[in-house]
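If you're matching them up, the sequences are chains Z and X in order. In this text, residue positions in the first sequence follow full-length UniProt numbering: the first is 1, and each later residue adds one. In this text, residue positions in the second sequence follow full-length UniProt numbering: the first is 1, and each later residue adds one.
Since the list gives no way to pick out one identical chain from another, each pair is judged satisfied if it fits inside one copy or across any two copies.
With a straight-line cut-off of 25 Å between C-alpha atoms, the simulated DMTMM-like cross-links for lysine to aspartate or glutamate are:
| id | residue 1 | residue 2 |
| --- | --- | --- |
| 1 | Lys341 | Glu266 |
| 2 | Lys77 | Asp223 |
| 3 | Lys77 | Asp190 |
No lab work stands behind these hints, which were simulated from the structure alone.
2 protein chains.
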Amino acid sequence: MRRTIENLEESKIREVANAGLGRPDVLAFWFGESDEVTPDFIRQAAVDSIQRGETFYSHNLGLPELRTEIAQTMSRKHPLHGNAQPIAMERIAVTAGGVNALMLAVQALVDPGDDVVAVTPVWPNLTAQPLIMGAHLRTVPLQPVNGAWTLDLDRLLAQITADTKLLIVNAPNNPTGWTLSTEEQRAILDHCRRTGTWILADEVYENLYYAPSAQGCAPSFLDLSVPEDRLVVVHSFSKSFLMTGWRLGWMVMPPALTVPMGKLIEFNTSCASVFVQRAGIAALQHADDVTPRVVAHLQACRDALVPALQALPGLSLATPQGGMYAFFQLPGAKDSLEVAKRLVREAGLGLAPGNAFAPEANGWLRWCFASKDIARLHDGVARLADWMQRAPK
Amino acid sequence: MRRTIENLEESKIREVANAGLGRPDVLAFWFGESDEVTPDFIRQAAVDSIQRGETFYSHNLGLPELRTEIAQTMSRKHPLHGNAQPIAMERIAVTAGGVNALMLAVQALVDPGDDVVAVTPVWPNLTAQPLIMGAHLRTVPLQPVNGAWTLDLDRLLAQITADTKLLIVNAPNNPTGWTLSTEEQRAILDHCRRTGTWILADEVYENLYYAPSAQGCAPSFLDLSVPEDRLVVVHSFSKSFLMTGWRLGWMVMPPALTVPMGKLIEFNTSCASVFVQRAGIAALQHADDVTPRVVAHLQACRDALVPALQALPGLSLATPQGGMYAFFQLPGAKDSLEVAKRLVREAGLGLAPGNAFAPEANGWLRWCFASKDIARLHDGVARLADWMQRAPK
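Only chain Z is shown next, with the shape it has when bound in the complex (with noise of 0.2 Å):
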């Protein structure tokens, strides 16, 4: 077995998880997931198909009718991209989830020993990919400014030269709730454009955005882009559409990256089930009987947990602009891990521990606010104002 593989590091949230199997009594926290069923119409979208007897291989890069329902949606958010031209259905493709969209494009991008900035702290996958792919892997820490984890743009962009392949970037960010600004992503796509350097941008929290913006989303590289930039902005229907374990998500890419899209499709996962792409195109007919009312209770989660927390004495957070996650800092914890640990054993709590997503994010704990009930996220501040009291430091 190939050491690189042996060396990723295991799932510090699983970790904490199982912990926890076998005690129903915890309430947990810790994946980034609604516990809300996905709606009727888009499960019966998929019966529908299997009940029609489409069990059949279907083209590489998704149904043509769903990668255009993609292209009319993202057409539709970023109206400025290219110049007002609408997105193409040839710059789509579509994927076995978004984590599935990140791993190719790094397939399709990064070389071994290549070049790879991340931007962290980030969720574990993008940066275990490019290690996978044999790359070499530099980070650019966000600082924690007042409990809000901050880019320092002009150290993010020295670290970008010439001989950098692939800057890898989420935002809204998983887990601190970090969001980019279109003057920051002009600035990063006008200076990745000088080295030549591909941008890959996590953007699956695009809707979860509480800020007022005009076209009810987050800022995004598509804003500003010509189709030809280097440049692969990857989406998932989970978490707009409530949709985590039906494992669909796309990209866009430019035109000259979908026919060895396709190829790398075809040998990592040949296509997405028809039926699955059936419900995915129901989602998005539909977009707006699901989306504002996930993104309008997301909102009144975060405001119900967000203060709640900022009550707490000594804890450091500041309100998220996006994402579905409250990131803070716990006083006196210096290992996260075992913090939540000892939340799952001693107050029945399940968060997910700081050091999951980056080292210097130690002594943070995420907290996924997407609850169906919220009051079970007021249990949670209650159980954690309990053991601040009385744990031992």
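Fit chain X to the known structure of chain Z by using the hints.
Same frame as chain Z, now just chain X:
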């Protein structure tokens, strides 16, 4: 974009199929897929799961119920395994199709620059995967003898040295129908134990086996190995259960590979959909209601097609002992791809070109005989015979 990825061959099969686009009169036998819908009870298991609301993430390695069912199935088929120890469920990983299991195994085992040997002709995905990972690939061709592609065992073993990280072998073979005997498998396994070489055995056609056998399936490396051998055996639900479009497969691996494989699945696709896995559980629990019928029908297809092809003047092919393909040499054919395109245009017959599988198979054509209606096969042969008579050489 990586030169390696640009240089990956596009599917010649798809190139032929594209030549037939919009031609509903073409009799298509180009893809490796039955034209029969997945059985009702398997589809119903997925529908029930979706309706129950099983739409969340699941374990990276698959549902424990499915892994247990797979382990029991494999243990029944390969009772000699590891001195009659059953195959433990901990050695099973559920994947997004057989091709995904193969890709994950290559990711786990092959470092950039590693020496990899593959037996050819073989379906192109198997040789593309090590190239994607930056490996150095060498191929060892089978030799056609009276229309039957045959292994020169000594020649193969001589190519596998202590520097060889991985041997890739697909038997029963797509496209040739070549199978490995138990004695050959033993010789290969013994040799690879000495050189420290991993074996990646694509055995997805093991149930599609037409020679007499004790267990009703092709010989497997699992019959001879112990759990700790450097061996990964890959399977799929696609062929034995008419489930191509479901993208569900699995691998059997040494215990030491399980934890790293769980990480790789997390970073590639995260997990298979629960409702798809429920379909897999139903399929395995009632395999006797599906697979024997599928195999008997495929054998009837083979026994209709192969003698009819052998009766055509100058055609060279042997009766395949496994798989679902007739692979034959057409007299005077130099460029399989060109011939296959002409057959589409001039005869309305869709076959896969031999040079899609290896340069040494140029001049050969692959015919997938998985046809629900056997009369379609006869119609196809009539078209071929007619074309051979009238076509300019």
